[in-house]
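So the protein lines, in turn, are chains A and B. The numbers in this note's numbering rise by one with no breaks, and the one at position 50 of the first sequence is 50. Counting from 1 along the second sequence, just add 1000 to a position and that's the residue number in this note's numbering.
Hints are computed from structural coordinates only; laboratory data are not their basis. Just so it is clear, CB atoms sit at the ideal spot from N, CA and C, and this is done for glycine as well. Any given hint could turn out to be false.
To be verified - Now the stretches of chain A that chain B is said to cover, found in silico as 3 or more residues with beta-carbon under 8 Å:
| hint | region |
| --- | --- |
| 1 | 36-46 |
| 2 | 98-112 |
| 3 | 131-137 |
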Amino acid sequence: MSDLKTREFKEQITRKYFSMVYKLALNQTKSREHADDVVQEVFLRYIQKDIDFESEEHIKAWLLRVTINCSKNVFADTWFKRTEGFSDDIPFQHEEKSDVYYATLELPQKYRSVIHLFYYEDMSVAEIADCLGQKENTVKSLLHRARIMLRQKLEGGYDFV
Amino acid sequence: MFRKEYKQANDNIKVDEALLERTIEAAFAEKPKKKTYYHRSFAPVAAALVIVIGASAAYPKLTEKPQVEQSVTAIVTSTISPTINPHSELKFEAIPEVTSEPIKNVKASRVKPSKNSTVKNVVANTEEPRINQDANSVVEDVAYIPSGSETVEAVSDALVLPSVARAVTGEIEAYNAPEQSEERFIQISCNFSDGVSEYVYENQSGKSFIVTVIDCCDESVSGLSVERNGKFYVFSSQNMTDAEILEVFETLNI
Chain A
1 MSDLKTREFK
11 EQITRKYFSM
21 VYKLALNQTK
31 SREHADDVVQ
41 EVFLRYIQKD
51 IDFESEEHIK
61 AWLLRVTINC
71 SKNVFADTWF
81 KRTEGFSDDI
91 PFQHEEKSDV
101 YYATLELPQK
111 YRSVIHLFYY
121 EDMSVAEIAD
131 CLGQKENTVK
141 SLLHRARIML
151 RQKLEGGYDF
161 V
Chain B
1001 MFRKEYKQAN
1011 DNIKVDEALL
1021 ERTIEAAFAE
1031 KPKKKTYYHR
1041 SFAPVAAALV
1051 IVIGASAAYP
1061 KLTEKPQVEQ
1071 SVTAIVTSTI
1081 SPTINPHSEL
1091 KFEAIPEVTS
1101 EPIKNVKASR
1111 VKPSKNSTVK
1121 NVVANTEEPR
1131 INQDANSVVE
1141 DVAYIPSGSE
1151 TVEAVSDALV
1161 LPSVARAVTG
1171 EIEAYNAPEQ
1181 SEERFIQISC
1191 NFSDGVSEYV
1201 YENQSGKSFI
1211 VTVIDCCDES
1221 VSGLSVERNG
1231 KFYVFSSQNM
1241 TDAEILEVFE
1251 TLNI
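Build the full structure now, drawing on both the sequences and the hints.
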């Protein structure tokens, strides 16, 4: 376990999961600036705090949970409550924009997190429930409602497999 | 289909490499720990402290008894017999709640005598009464100062009190009331300091007043009462001119 605390290992983990954390933060905050802040905060905590992780999977789950919590802290700010994320500044590599992605951004925050973890991170319902600290039935309900909302927003009869 | 498109969209998001490097560098940099001087959780504690401090500061003022007394300044010439050393005969006791300011402008209230004060019956000897001849005087009757008085205190009291009593209560008879009468004023305390004497008088009806006596130099004893700015000033000399009176007022900054 001491190997998990070395500087080299921590830097390796940072580089490996930086993109994952950044995209989740972007999904939650809907703003590039806020996502940058959240990412830095998450990895500062990971690197500087002396946490006993059992495995790399444990670290990954911890990073995802902390990312969501830090994103919630951004929402808790009074100023942010009166403003909305400027989703047009999402840094896509290509100019084409994804209707699916923007439709997801229009969902409430709790639905966005389960959709992102399920469809992009390929996590199971049980893993999502454990990560978010919720019951599996709750996660299932959230997914179900999110899909209904997305069907209403999107045209073309998407298959939510 | 949704999954595929959603993944493609997320894969299409560019991650800033510079941000990654900055994050790693900042995370591993050794920085001195910042001391937290304020946190939002401090606000309730700070508010409670302000309330406690404010209440404790205000408490002495809330429990402070108001001091309101009416006083009249009297200007009296010393009529001390050359054979008598007035200071050796005087027996003054401190007035616990009276200041030495010659002029006061406060409302009257009952003055309670201190435990150590000596209550004296002041009696004016009216064997040979003299009437104030000044047409402008408010006082119609002035106590007579008998010659050969052994104490200046008695002289001062006899000289001042009738005019003062009348000015304060409107009743000269209150001063000359019988001993058992509730209207009879009794001196309950006095204080002498730097040529200024203060006497506190009260009767059983709850009326009280303070007399501040400022000694001037004159020889005659008659009594001249002058009203100035709503206050009564008693001069022992009847023969003072208006200019002399004004000069005294200016000297005393009245």
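How the hints compare with the structure:
{"no.": "1", "hint": "36-46", "result": "holds (count 6)"}
{"no.": "2", "hint": "98-112", "result": "holds (count 4)"}
{"no.": "3", "hint": "131-137", "result": "violated (count 0)"}
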